[in-house]
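Q: Each chain is listed here by its residues.
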Amino acid sequence: MGDIFVIAEHRNGEIRDITFEMLKKAGALAQDLSCSVTAVLLAGPGEVGEVFADKLSKWADRVLVFEDERLKTYDSDLYTGILAALVQEQQPFITLMGHTSWGLDYAPALAVRTGCPLATDVNDILLEDGRPQVIRQTYSGKLFSRVSFDPSGGYMITVRPGAFQVDTEGDKAGEVVQQNLPEGIQSPRREFLEFEEAAAGDVDITQADLLVSVGRGVGEADNISTVQELADLLGGTLSCSRPVVDKNWLPKYHQVGTSGKSVKPKVYLALGISGAFQHVAGITGADCVIAVNKDKKAPIFRVADYGIADDLFTVVEALKAKAKGG
Amino acid sequence: MNIIVCVKRVPLTQEVDLEIDDTGKKIKEDALAYVINDWDNYAIEAAVRLQEALGGDVTAVTIGCEDDEEVLRRALAMGADRAIRIDPGNLTPDGYLNAMILAKPISELDYDLILTGVQSEDQNTGMVGIMLAEQLGLAHAAITNGIEPEEGTAKVRVELEGGIDEVSRIQLPALLTIQTGINEPRYVSIMGIRKAKKKELKVMSLEDLGFTVEDLTPQTRIEEVFLPPETDGAEMIEGDPGTTAETIIRIMGEKGVAV
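One line per chain: the protein sequences are A and B, in this order.
Here numbering that gives the first Met the number 0 is used: the first residue of the first sequence is 0, the next is one more, and so on.
Here numbering that gives the first Met the number 0 is used: the first residue of the second sequence is 0, the next is one more, and so on.
Treat the hints as calculated values from the structure; they're not laboratory data.
Don't take each hint at face value.
As the list claims (entries may be wrong) - Listed below are the simulated BS3-like cross-link pairs for lysine-lysine, each with C-alpha atoms no more than 30 Å apart in a straight line:
| hint | chain 1 | residue 1 | chain 2 | residue 2 |
| --- | --- | --- | --- | --- |
| 1 | B | K27 | A | K296 |
| 2 | B | K254 | A | K251 |
| 3 | A | K323 | A | K293 |
As the list claims (entries may be wrong) - Just some of the chain A residues that point at chain B, by a computed CB distance under 7 Å:
| hint | residue |
| --- | --- |
| 4 | D104 |
| 5 | T119 |
| 6 | S147 |
| 7 | F148 |
| 8 | D149 |
| 9 | E190 |
| 10 | A197 |
| 11 | D286 |
| 12 | D294 |
| 13 | L318 |
| 14 | A322 |
Where is the CB? At the ideal position from N, CA and C, for every residue including glycine.
Okay, chain B solo, but in the shape it has when bound:
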């Protein structure tokens, strides 16, 4: 089974104070640490497990600058066979353009499955995977948390609201967007990443792929970004831990929870 997995490097923003840059349209990204998008990490693991069970090869693809190769090397260290980086140059693609750009090199490859994360941790749109499926004319399933390959089909489990899963059978080739928790992604060592440097990593520009400037008009534009208003929300409890604990227990009592 040949599998393509699309990945993205994203800034780590938990426990970080985000600052808006001078354009007012994005955050200051320079000071942030970058990681593999959490959903994509599960997608890579799912791809590698299928390959280990059934044979075939895994190709990891990203759109990004040279620094973003870090997530491709990580995918290679996890077991992917080769990687492709599409360099967008000065272009900042929206979800639609990301899907359109990814579709071009992928359409030349031989695959049974394409896996992407459900969404990225930065823009949270959840659209790229399914738009890519449509660009390629593929059957698809969003928010997949289980895959059992069969002959020419796969039984897939997708997560609905309220703790309910929907089980269906999908024709291959297909694209699945992968939900966190579908597996336990393996640990990646620095040594493993070093070893994976021997594997093929191909870089392509938008020109290489035959795109012209006119092809690449985004469908959506961020006009401004802003931090959530600080005025609304919780009444903050200050003080040393002992005092804080006392206050919490008092509030619990007032709300009818006796301790």
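If we strip away everything but chain A, and leave its shape as in the complex, we get:
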């Protein structure tokens, strides 16, 4: 049987957490399947050394390393080209990639090029008759589905960040093997220019003890002010979920979530936020989450400590009255 491959993800000199989350799950699957785990690292020359390969080798039976000047950062065409040649040569049974911005960029292309079936944004991986099946969420977390693959020599899966917890240390000592770049791969058609960080604002939501956070449920731009008033009365800071920024109701520096900021307040008051996983990923550091949403089936209630199934404005007005000493 082929190995389980995990494609490492790194940015700015650091291996991203998703890599270890995948390696952890790969280890468990490999035990059930009696196969081994291979970590695959594409990196710039000199970066690999002790920093990357050693960390990976604790979690993998071997680490395959491709080094090239052009791999200092992610490259769509090189990742797809190198990995397609590797998969065709080594025939891994399962290939795990992160369901991240970069994973979403190359995994579907890699699947088409290699002919392997792909399941994306996966929360859990099961084995049925020696073949993988996956559990994934649909309708923004309101429904779960169990998905099987068409029989194939190899299967590809992108794994949702945070789906698997890394609560132990890796205890392997995998061999690090340098690989040569395959011949004839597509030269990059997309040239990296720079990273740009979102502009900082007049509030820092990462430092607040109390975040009063609004989502799509706030309805329109004019309603933001009433929530701002509540935040002021409670001595809290106003934050928001993605749709509020998308609609230009608040600037980006208020945004909590994967594409915004991760926060760690003592209390996170979520008002009209449905709880998409990209948002929830940003509040795992919160001590206490209190959610208010009209929709009692909203996914936010699955992660909140306390919930109120009510109209957010009713609750906001009542809280204002209490805060004013009513």
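Using the hints provided, position chain B relative to the given structure of chain A.
A: Same frame as chain A, now just chain B:
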């Protein structure tokens, strides 16, 4: 600049209790209202803005039944020049098949850019756009939140995690999957949709496109769907708003947030 934009009609499921149908493999869809997939709405707007600035034409494409023409008419009302609906008949394509089917008519068209949404609101796979790019042999970028066309290339901004954007230059023709928030999609009036009825809307079947049944094996199958377990999660606070507010303030106090 000629642009193709792929769109999908999806059920509106926010604040709706989803029910599973008798097959156990999908939800009951009949009672739901349908809308344009949010990501696709931004993609149409991006296409139309590029066309307004640079000329050329915009073609909107969907895979779906007659009711799904609603989202094509909406795209036409926003400024697309023509539309194509591919009728899948009885087939329920997975992401892979959607990409394979879309590639066929698109490969016959003349284009500089193909835009799709990052993902659809229903299945949330995020794979169709990039698989389509690969089927067509195109350069691509996923999760695009900025496009500046240049001569034969475009400067694109893609959204990474942690509030960081990656800026790169991509060779055209290319496929970009469009992230929400890239623009502010224009309002579409019923009058606008009526007027757009004059524009061309072509319907093609899978047979018209030369597909046979053997070509159309999905790579993934939904074996079952289920609702999230109701037992875990938040402790619900009941009562009138005054009592609820009092409870919230008490909990905040216990957690060290003095009001």
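Q: Broken hints, numbered, in rising order?
A: none
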